[in-house]
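Order-wise, the sequence lines are chains U and F.
Every letter in the first sequence is one number past the one before it in full-length UniProt numbering, and letter 10, counting from 1, is 10.
Every letter in the second sequence is one number past the one before it in full-length UniProt numbering, and letter 92, counting from 1, is 92.
Do not take every clue at face value.
Stated by the list, open to error - Covered stretches of chain F (in silico footprint by chain U; criterion: 3 or more residues with CB under 8 Å from a CB of chain U, positions within the stretch not fixed):
1. 75-84
2. 185-191
3. 257-268
4. 310-316
5. 355-362
6. 391-398
As the list claims (entries may be wrong) - Now the stretches of chain U that chain F is said to cover, found in silico as 3 or more residues with beta-carbon under 8 Å:
7. 77-89
8. 125-134
9. 161-175
10. 258-269
11. 310-322
12. 332-343
13. 369-383
For the record, the hints were derived by calculation from the structure and aren't laboratory data.
Computed from a predicted structure; not experimentally measured.
Glycine included, C-beta positions come from ideal geometry on N, C-alpha and C.
Chain by chain, the residues:
There are 2 protein chains.
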Amino acid sequence: MKIETMPEPYPSAICINTINPNVKLMEYAVRGPLVIRAAEIEEELKRGVKKPFDEVIRANTGDCQAMGQAPITYIRQVLSLALQPELLDIVDYPADVKERVLTLLKGCNGGSLGSYTESLGIEVIRRYVQQFIEERDGVPSDYRDIILTTGATQGIKSILQLLNCPVDNKKTGIMVPIPQYPLYSATAVEQGMQLISYFLEEETNWGLNINELKRAIDEAKEICIPRAIVIINPGNPTGQVLTRANMEEIIKFAYEENLLILADEVYQSNVYEDGIEFNSFKKVLVEMGEPYKNMALASFMSCSKGYTGECGLRGGLVEIFNFPADVKAMFYKNLSAQLCPNTVGQAAIFCLVNPPREGEPSYELFMEEKAKVLKSLKERAQLVHEVLNSFEGFSCTIIQGSMYAFPQFKLPPKVIDLANECGMSPDQFYAFELLENTGVCIVPGSGFGQKPGTYHFRTTILPKIDKLKIMLEKITSFHIDFIAKYS
Amino acid sequence: MKIETMPEPYPSAICINTINPNVKLMEYAVRGPLVIRAAEIEEELKRGVKKPFDEVIRANTGDCQAMGQAPITYIRQVLSLALQPELLDIVDYPADVKERVLTLLKGCNGGSLGSYTESLGIEVIRRYVQQFIEERDGVPSDYRDIILTTGATQGIKSILQLLNCPVDNKKTGIMVPIPQYPLYSATAVEQGMQLISYFLEEETNWGLNINELKRAIDEAKEICIPRAIVIINPGNPTGQVLTRANMEEIIKFAYEENLLILADEVYQSNVYEDGIEFNSFKKVLVEMGEPYKNMALASFMSCSKGYTGECGLRGGLVEIFNFPADVKAMFYKNLSAQLCPNTVGQAAIFCLVNPPREGEPSYELFMEEKAKVLKSLKERAQLVHEVLNSFEGFSCTIIQGSMYAFPQFKLPPKVIDLANECGMSPDQFYAFELLENTGVCIVPGSGFGQKPGTYHFRTTILPKIDKLKIMLEKITSFHIDFIAKYS
C-alpha cells in the first residue's frame with residue numbers, strides 16, 4: 001500500500017551551512033591535508049603503486065615511539081601491573097615497581113584503575129607532582145593547585161575556554177607566538193577568541209622582543225581585550241630555550257599589561273645545548289619577588305615528550321598559581337563535567353614524577369634508559385642542525401631544546417605564482433612536492449605562522465639516526481632539484 | 001636600593017568578573033556540592049570525627065568498580081600485555097588473549113600504545129566496532145563513520161559543539177529529556193546553546209509523549225533554532241527502556257522537525273526486565289525504510305557501563321550516520337586538534353567489541369564473568385525497585401535498564417520553606433540531610449530536572465548486595481524521621 005502523501009526528500013538535519021562556523025574556520029596543520037595525503041600514499045605503497053621511494057617518513061608530529069623510541073621499562077612495568085594486579089604475584093618485577101603499583105592502587109577508588117577518579121586527578125599523584133615541581137624549582141607548590149589532564153592539550157583547551165569572556169562585542173585576546181604550536185590558534189578560533197600574534201625573532205634564536213610584544217598588544221587593544229600570553233618554552237616549532245633575562249622581561253611585560261601567563265613547558269626535559277638550562281616561568285616569577293611573585297600563571301606539562309614519549313597514553317597536568325579561590329571553584333566545576341582524566345595517563349604522570357630513587361632496584365636501568373634517550377635526541381638535534389644549516393638552501397637556528405627544527409629557505413617567484421594558482425601557500429606547495437617525490441612528510445611553516453615573505457618547514461628530529469640521515473639527504477637533494485625546476 | 005615608583009598591587013590577571021560567563025552558569029550535579037561535602041565527611045571520619053555512621057556510601061555516580069565490581073579478566077589480560085609486550089613471553093595467558101594483543105599492537109604506530117593514533121582512533125579497532133554494530137543491529141555499518149573517543153562524554157561534547165550555529169542572535173536549540181543526564185545541560189550552557197526541555201512521562205514509565213515533544217519544540221522556536229534531539233535509552237536517571245513503537249514515533253517526530261537524533265545508548269547492555277530488549281535508534285530508523293533511513297543520527301557507546309564498567313579508562317565511541325561528507329570533513333578536522341583518544345581506552349573498546357568467541361580458550365571464563373555481573377545488576381535493580389516502591393514514602397518505576405533508580409517522594413511545606421531560606425531546592429535540602437545523617441550520598445532530582453512540584457533523587461544500584469540492603473534501610477528510616485521532623 002502506498003501512502004498518498006510521501007514525506008519530502010529528507011533535508012539532512014546536519015549540513016555544512018548550519019554547523020559551527022568557528023569549527024569551519026579552525027585549522028590544525030600538524031594533522032592537516034598533508035598528513036591525510038601521507039596516509040593515502042602509504043595505502044598506495046601497500047597496494048603496490050610505484051613511487052620514487054619505498055616508505056613515508058613521518059616527520060610531522062612529535063610521536064617518539066612511533067619512530068622507534070622504546071618506552072621506559074619502569075613505566076610500563078608499573079602500568080601493566082596496575083592494570084592487572086594479579087601479576088604482582090606472578091611476575092618477578094623489582095620491588096620498587098611493585099611498591100609504586102600498590103601506592104597507586106591505594107589512591108584509586110575501589111583499588112582499581114577502572115574507577116572514576118576525582119575530576120582533578122588522583123590525590124596521591126598530585127602530591128607527588130607537587131614534590132616533583134618543588135624539587136625542580138626550589139620554590140613551594142601545592143597539590144591542590146595541580147590538575148591532572150588528558151594530555152596537556154586538554155588542560156590548555158580548558159584554561160583557554162575559562163578565559164573566554166567577550167565584553168561589548170570585543171573578543172577575549174590571547175597573545176600567541178608566531179611561529180606557534182597550532183593548538184593555540186585552533187582553540188582560539190574554535191572558541192571565538194582573538195589571536196594576538198607576536199613574532200619571535202629568528203635573528204636572536206627565536207627570542208621574545210619586548211618591543212614586538214608591545215606592538216602586538218597595542219594594535220590588538222583596538223579590537224579585543226587581551227587577557228593572557230602564551231609562551232612555549234622550550235619552543236615548538238622553533239627549538240629555542242629562553243634565557244632567564246628574556247623571561248624576566250616577559251614577566252614584567254605581562255605584569256604591566258595584566259596578562260595571565262600560560263607557560264607551555266611540555267618540552268622541559270628536552271634541552272640539548274651545553275650550558276643551557278630550563279627555568280620554569282613559575283620559578284623565575286617567584287624568585288623575582290614582589291610584586292611579580294603574586295602574578296597568576298598556568299603551566300603545562302605532559303608525559304608525551306621528555307624522555308618518556310608516552311603520547312598515546314594522554315597524560316598531562318597543569319599547575320595553576322595565584323588563581324583567586326572563586327575562579328578555581330569555577331574551573332574545577334567545569335572540569336567535573338568531563339568526569340575525570342583517564343587513569344592510565346594519570347598513572348604515567350605518577351611514574352614521571354615519582355621515578356626510581358637512588359638505591360632502589362629499578363634505579364640503574366631507569367637512569368641508563370633515560371640517559372640513552374636524551375643523549376640520542378641530543379645527537380639527532382645536533383645532526384639535524386648541522387646538516388640543514390650547512391646546506392646552502394637553508395638557514396637553521398641551533399636546536400637548543402624540544403624535538404624540532406624550523407629551517408628557513410627561499411623560494412623562486414615562479415613557485416609563489418604556481419602555489420597561488422593552486423590555492424596553496426608557497427611552503428605548502430613545497431611540502432606537497434617533497435612528500436610526493438621523497439615520501440618525507442614535514443609541516444609547512446604557514447601551519448605555525450611565519451613572518452610574511454619568509455618560508456620555513458618544521459621537521460621532527462625523531463627518526464632513528466640512520467633513517468634521519470636518509471631523510472636529511474632526501475630533503476636536501478629534493479631542494480636542489482626543486483629550485484632548479486622552478487627557477 | 002628602593003625603586004621610586006613601585007608597581008601597583010597586582011590586580012589579578014584572572015578574576016571572577018572576567019572569566020567565561022557560560023562556565024560560571026553551568027552546573028553538573030553528579031559531581032556537585034553534595035559530592036564535595038561527601039568527600040569532606042570522609043576526611044572527617046578518617047580524622048576520627050564522630051558521626052551517626054561509619055562510612056559514606058557513594059551512590060551518586062555509576063562507578064561500578066569503585067563499588068567493588070571486579071574487572072573482566074579478559075580485558076585486563078589484554079591491556080596489561082599490550083602495555084608491556086615482553087609479558088607475552090613470560091605470562092601464561094590464553095592464546096586468544098595473546099592473539100588480541102598482537103592484533104592491537106599491529107594497529108598501533110611503531111607497534112606501541114605509547115604512540116599517537118589517527119585522530120578518529122586505531123583503524124583495526126574501528127573495523128571491529130563496525131562488525132560489532134552489524135551483529136547487534138543486523139544492518140550495515142561503516143568503520144569510516146565510527147570514531148573512538150575519550151569516553152562517550154568527549155564524543156557527546158564534540159558533536160554538540162559541532163552543532164552550535166547561532167543565527168541572528170537565535171541560539172542553537174537542543175532537545176533534552178527532563179529528567180536528563182546533566183552532561184547535556186552542562187555542555188549546552190557551556191557552549192552557549194539553548195536547552196529545550198521535554199518532560200518524560202513518569203506515569204508511562206518515563207516514556208516520550210509526542211504531544212509533549214511538540215509542545216516543547218513549538219515554544220522553543222520563538223527563541224532558538226532547534227537542531228537536535230537527545231534521547232537517553234536505556235534511561236539515565238530514569239531506568240526505562242524505550243519500546244520500539246515509542247522509538248518509531250520519536251523518529252517520525254525528528255523527521256518532521258528536521259532534527260539530528262543524538263542517541264545516548266551507553267547503557268545498551270544494561271537491560272534487566274524479562275521480555276524487554278534494547279533496540280538501537282539506528283536499527284529502528286533503518287528498518288523503518290524510506291524516508292527515515294536517510295536521517296542523520298549520532299549514537300554513543302562506552303566501555304564505562306555495561307558489564308565492563310571500565311569508567312576510569314575513558315573509552316568511548318560515536319557512530320555517525322548519514323552525515324554529509326563536507327560536514328564529516330569538518331568534524332574530523334576539529335577532532336584532529338585534540339590529537340587522539342587515549343590508546344588504553346581505545347584498547348578497552350577493542351576488547352568490548354572483540355570478545356572471546358565460542359571455542360576460544362578465554363570464552364568460558366569471559367561468559368561466566370559477564371553473566372555474573374549482569375545477573376547481579378539485575379538482582380540489585382529488582383531489589384532497589386521493590387524496596388523503594390513498596391515503601392510508603394516513595395513511588396519508583398521499574399528499573400528496566402541502566403544502573404539507577406529515580407524514586408519520587410513528597411515533601412512537607414515546612415521543608416520547602418526551610419530550603420528556600422537556605423537557598424537550596426527542597427530535594428537538595430533533603431539530600432544534604434540524608435548525607436549528614438546516614439552517610440548515603442545520592443543526587444537530588446533537581447540535578448537532572450523534574451516536573452515542578454515533584455521531588456526525586458537518583459541512586460545507583462551499584463553497592464554490593466549487603467551494602468545495598470543497608471543503604472536502602474538507611475534511606476527509608478531516614479525518610480520516616482525526616483518527614484516526622486518537618487511535618
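Against the structure, the hints come out as follows:
| no. | hint | in the structure |
| --- | --- | --- |
| 1 | 75-84 | holds (count 7) |
| 2 | 185-191 | holds (count 3) |
| 3 | 257-268 | holds (count 4) |
| 4 | 310-316 | holds (count 5) |
| 5 | 355-362 | violated (count 0) |
| 6 | 391-398 | violated (count 0) |
| 7 | 77-89 | holds (count 7) |
| 8 | 125-134 | violated (count 0) |
| 9 | 161-175 | holds (count 5) |
| 10 | 258-269 | holds (count 4) |
| 11 | 310-322 | holds (count 6) |
| 12 | 332-343 | holds (count 10) |
| 13 | 369-383 | violated (count 0) |
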